[in-house]
Amino acid sequence: MHLLSSLFRSRRGRQVALVAALLASALAVAAQDSDSGPVGLVPKENADEIVGRLAFSDTSLDSVLQTLETLTGRIVIRPQALPSPQLSLNARQPLTRAEAILAIESLLSINGIGVTPLGEKFLKVVPIANIRTEAPELVVGSLKDVPPSGKVVSKLFRLQYLDPGSFQQQAAQFVSGFATIVPFQNSNAVIVTDTIANLQRLEYVVSEVDRRLEIETKFYQINYANATELAEQIRAMIESARSSLAGNA
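Taken in order, the sequence shown gives residues 1 to 249; the numbers are from our numbering.
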């Protein structure tokens, strides 16, 4: 590894408590400001500083985490039991500090390791399957202007017309295997924990389908056919089309 240039519990009960805290926090933030602000690990200073090429070749996790500490100015806290992959990354052009952090976050994510901020001075590093219980960053506003990455966050979706229970079932095909989808029926809201890249795709889908169903009634003047017979024929055609679609699903 080398970095060139200028720098060298009851689990279920715990999850329920975490989700309740996330929702309360989200609603409080939403009342103050609809914008989510910066998402992901933000360097304490000099985010736009060019730090050079980032290059790892079969590098140990410890070395990569040391680089992350240097870039963020935060101290990494980690358990002993972590995946221990050999990590490789070759940035062919110089990166800013923020870009280098984003690259490392994504590299760790695809190798089964999650990173979440802990206060102002620390980073907690855990197996990505456990990240949902480690108070990941909560996003209330849109993610559309955030760079796509493997960073794991929790996103609050406020549904206007979709049922949260139905949303939970349909959204499962858009998220990772470790993701969680928690519906809140009474508030018509859902909290989804997954990577930013997947949440951005899900956010787009929600924007397209969470709409009022427009039903228009039209009247047709029938001159020759029997209205009852025509209605039965149309109904039969619709049922036939439905059966055909169901058979192809």
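Possibly wrong hints are sitting among the right ones.
Said to hold, decoys possible - FRET-style restraints, in silico, Cβ to Cβ: (1) Ala55 to Ala241: 40 to 46 Å; (2) Glu216 to Ala172: 29 to 35 Å; (3) Ser57 to Pro127: 22 to 28 Å; (4) Asn188 to Ala227: 25 to 31 Å; (5) Ala241 to Pro94: 56 to 62 Å; (6) Arg242 to Glu120: 20 to 26 Å; (7) Lys121 to Arg242: 56 to 62 Å; (8) Asp145 to Glu232: 52 to 58 Å; (9) Ile75 to Arg201: 31 to 37 Å; (10) Gly112 to Glu214: 50 to 56 Å; (11) Pro83 to Ala172: 39 to 45 Å; (12) Phe184 to Pro148: 22 to 28 Å.
For the record, the hints were derived by calculation from the structure and aren't laboratory data.
Note that CB positions come from ideal geometry on N, CA and C, so glycine has one too.
Do the hints match the structure? See the list:
| no. | hint | in the structure |
| --- | --- | --- |
| 1 | Ala55 to Ala241: 40 to 46 Å | 57 Å, violated |
| 2 | Glu216 to Ala172: 29 to 35 Å | 32 Å, holds |
| 3 | Ser57 to Pro127: 22 to 28 Å | 24 Å, holds |
| 4 | Asn188 to Ala227: 25 to 31 Å | 41 Å, violated |
| 5 | Ala241 to Pro94: 56 to 62 Å | 57 Å, holds |
| 6 | Arg242 to Glu120: 20 to 26 Å | 57 Å, violated |
| 7 | Lys121 to Arg242: 56 to 62 Å | 59 Å, holds |
| 8 | Asp145 to Glu232: 52 to 58 Å | 53 Å, holds |
| 9 | Ile75 to Arg201: 31 to 37 Å | 33 Å, holds |
| 10 | Gly112 to Glu214: 50 to 56 Å | 45 Å, violated |
| 11 | Pro83 to Ala172: 39 to 45 Å | 24 Å, violated |
| 12 | Phe184 to Pro148: 22 to 28 Å | 27 Å, holds |
When each numbered hint is compared with the structure, violations occur for hints 1, 4, 6, 10 and 11.
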